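J.: Next come the chains, spelled out residue by residue.
2 protein chains.
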Amino acid sequence: MKKYNFSPGPGILPQSVIEEAAKNVLDFNGSSLSILEVSHRGKDFIAVAAEAEQLVREIGGIDDRYAVLFLGGGASSQFAMAPMNLLADGEKAAYVDTGTWANKAIKEAKLFGNVEVLASSKDSNYSFIPKGYEIPSDAAYLHLTSNNTIFGTQLHEFPQSPVPIVCDMSSDMFSRPFDIEQFGLIYAGAQKNIGPAGVTLVIVRKDLIGRSGRKLPSMFDYRNHADNDSMYNTPPVLPIYVMMLTLRWLKANGGLTGIQKMNEEKAAILYDEIDANPLFTGTAAKEDRSLMNVCFLPTKPELDEEFQKMVKAAGVDNIKGHRSVGGYRASIYNAMPKEGVQVLVDVMREFAKQNG
Amino acid sequence: MKKYNFSPGPGILPQSVIEEAAKNVLDFNGSSLSILEVSHRGKDFIAVAAEAEQLVREIGGIDDRYAVLFLGGGASSQFAMAPMNLLADGEKAAYVDTGTWANKAIKEAKLFGNVEVLASSKDSNYSFIPKGYEIPSDAAYLHLTSNNTIFGTQLHEFPQSPVPIVCDMSSDMFSRPFDIEQFGLIYAGAQKNIGPAGVTLVIVRKDLIGRSGRKLPSMFDYRNHADNDSMYNTPPVLPIYVMMLTLRWLKANGGLTGIQKMNEEKAAILYDEIDANPLFTGTAAKEDRSLMNVCFLPTKPELDEEFQKMVKAAGVDNIKGHRSVGGYRASIYNAMPKEGVQVLVDVMREFAKQNG
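Chains as they are written, first to last, in the working numbering: chain E, 651 to 1006; chain W, 651 to 1006.
One or more hints might be untrue.
Put simply, identical chains are the same to the list, so a pair is met inside one copy or across any two.
[Said to hold, decoys possible] Pairs of lysine-lysine, DSSO-like flavour, derived with a Cα cap of 30 Å:
| id | residue 1 | residue 2 |
| --- | --- | --- |
| 1 | K1003 | K693 |
| 2 | K781 | K742 |
| 3 | K856 | K760 |
| 4 | K962 | K911 |
| 5 | K754 | K865 |
| 6 | K950 | K742 |
| 7 | K673 | K742 |
| 8 | K742 | K760 |
| 9 | K693 | K653 |
| 10 | K652 | K673 |
| 11 | K673 | K693 |
| 12 | K865 | K772 |
| 13 | K693 | K652 |
| 14 | K772 | K936 |
| 15 | K673 | K970 |
| 16 | K652 | K901 |
| 17 | K754 | K781 |
| 18 | K742 | K865 |
| 19 | K693 | K962 |
| 20 | K754 | K856 |
| 21 | K693 | K970 |
| 22 | K693 | K856 |
| 23 | K950 | K988 |
| 24 | K673 | K959 |
| 25 | K693 | K950 |
| 26 | K959 | K772 |
Note that these hints are calculated values from the structure, not bench results. Remember, predicted model here, so these are calculated numbers, not experimental data.
All chains, please: the whole structure from these sequences, using the hints.
T.: So this is what it looks like as structure tokens:
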């Protein structure tokens, strides 16, 4: 049965990427060797890593003032590496608290400097994105989380900031255009929009590398990774390869403007249904609704089991909401086809018809 | 053409593992989803991670006093994480310098405490393993590198140590039996014997976790990974899956005693040829020769091109030596079949016959 993967992450990948990956697991580039067993120093894999970097630069409009890194250890490691590298002892960094992941980033930063939390929507269970806060010009950077996977909120407009923005884009990376000029550092675990689990994309303005002046372990110092084209140590070969394939797919699908249009269409179909359907209600403030993670609650929770059964029968996979919010969460990342969203919406309509 | 992958790492994987991995990249466990896009919180992947841990425990004889962790970031991150977690400020750790990787481990440890280098074979280009050094009983631990990939030397007997041994087993993990009682911490990048690049196996005695008393970033603290079954953050899903498959293969091939026998046989075939063949000479001291990485030099370097051509024609891939040693290096990890070694030896004989 055809399945539609609404998983919050690791999440859906394009079918063509999956097929190409499987083929190269058996035989990488016709070498008779698997991509799982080739040296990262071999010319075929060096070409893969170079193409991945080139695609990131082309798709994102990232020029040479920025280093593009592919790191292991997950975006959670970046919660610490960002302040380790960018925040000097005694300095202050500004954070905005928009949910679970922002909180983790704040916790790690406190180990390395002073943290000023400019705003938080915690009191309303992170159902909106705080706005209108003042950004101190003496902060080393402003840290933002562009999309909050758990709460289904998204920053639709980045604030004008007097200091570089450090942004965790793990769950909406390359889902829409952005202006790199606003950012000092962007990091994103690949496993939502740009690849499989096991690699994190880091884009860092070169003049900020070494800013903290701290003597860091080699692996936690952006300098070493930048100086060695992300091959200071053995990189996560297969995850980088699949990321490269996913970026090829993204480019072929119109790049960021093309994918933004698709993502807006998909989200509109689903949010329109939530707003029209008496059996569901959205959880996030309308102006802050995420185009990636659509969170909604049942108005008749006693019918949950029936809804889940119908959803499952239609091939809709993994729409259970996070325990912090409850209800349902449909993650509709770049690779989710419009058809998948339509299948979910059709079930929601049929469900309302049967129980209206 | 059939190829024999002698790469020093990422290195050869069993063909059955590669085929099973490719199948599950297309369709994981019959779920209609790819292993590349499934949630690490789904029951099917939790079962994979649990089986991988169980196999590590069963194969290695690792009981519950030890935590078994699967981490991203590579073994190079462990060069820092080991002292971060185990070495308190002002304390001393003992290191033995047996090559490039041991050196890197020493460099990172110096950031966190005092390092006493007990012995080094640097002056002879690391062609042997120092022995007979005294291990200070006031050290927090003794750090060893069990196999030196670049120089082709291996520690065939671990010293009796009054302090826990911390061992980088990246390039000979699970290639032979060992007694876990001697170790406080073992770490190994998967990409030689136990899986693909992108995951590092860490086995740490639970009572040593937190020993340094240092307040660490969450991702660099073994405690968080141990408390969360290596799912504190999104783990490298595919690399862990392929590691699990490789461990299944290892178990089916007789576990550590079975694989040791095979590894000894393979190494003997190759070293016997090196010692008998007038056109080659081994680089490592005989008693310290590695069963994993067989390094040898040509006695007539002017014939190198011809040898390389013959080797290539036979399907032997990637035997170029590391620039620090030169010549040739045949990496014959667990998954290298005896047949592959025989093919290389046959070429060496034919080469000698033609040029004798």
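J.: Next, verify each hint and record whether it holds.
T.: Results for each hint:
1. K1003 / K693: Neither. Shortest intra-copy (59 Å) and inter-copy (33 Å) distances fail the 30 Å Cα cut-off.
2. K781 / K742: within (20 Å within a copy, 50 Å between copies)
3. K856 / K760: Both. Shortest intra-copy (24 Å) and inter-copy (27 Å) distances satisfy the 30 Å Cα cut-off.
4. K962 / K911: within (28 Å within a copy, 50 Å between copies)
5. K754 / K865: both (23 Å within a copy, 15 Å between copies)
6. K950 / K742: neither (47 Å within a copy, 63 Å between copies)
7. K673 / K742: So K673 and K742 fail the 30 Å test inside a copy (49 Å) and across (50 Å) alike.
8. K742 / K760: both (10 Å within a copy, 28 Å between copies)
9. K693 / K653: between (37 Å within a copy, 17 Å between copies)
10. K652 / K673: Cα proximity of K652 and K673: in one copy and across copies (21 Å, 17 Å).
11. K673 / K693: Both: 19 Å inside a copy, 26 Å across copies.
12. K865 / K772: between (35 Å within a copy, 26 Å between copies)
13. K693 / K652: between (38 Å within a copy, 20 Å between copies)
14. K772 / K936: Within one copy only: 17 Å inside, 65 Å across.
15. K673 / K970: Only across copies: K673 and K970 sit 27 Å apart there, 32 Å inside one copy, limit 30 Å.
16. K652 / K901: within (26 Å within a copy, 35 Å between copies)
17. K754 / K781: Cα proximity of K754 and K781: one copy only (20 Å, versus 46 Å across).
18. K742 / K865: both (19 Å within a copy, 19 Å between copies)
19. K693 / K962: between (45 Å within a copy, 16 Å between copies)
20. K754 / K856: both (25 Å within a copy, 25 Å between copies)
21. K693 / K970: Between copies only: 14 Å across, 44 Å inside.
22. K693 / K856: This pair counts as within: shortest intra-copy Cα distance 26 Å, inter-copy 42 Å.
23. K950 / K988: within (27 Å within a copy, 65 Å between copies)
24. K673 / K959: The answer is between: 29 Å across copies meets 30 Å, while 35 Å in one copy does not.
25. K693 / K950: Close across copies (28 Å), not inside one copy (58 Å); limit 30 Å.
26. K959 / K772: neither (33 Å within a copy, 66 Å between copies)
Checked against the numbered hints given earlier, the structure breaks hints 1, 6, 7, 26 and satisfies all the rest.
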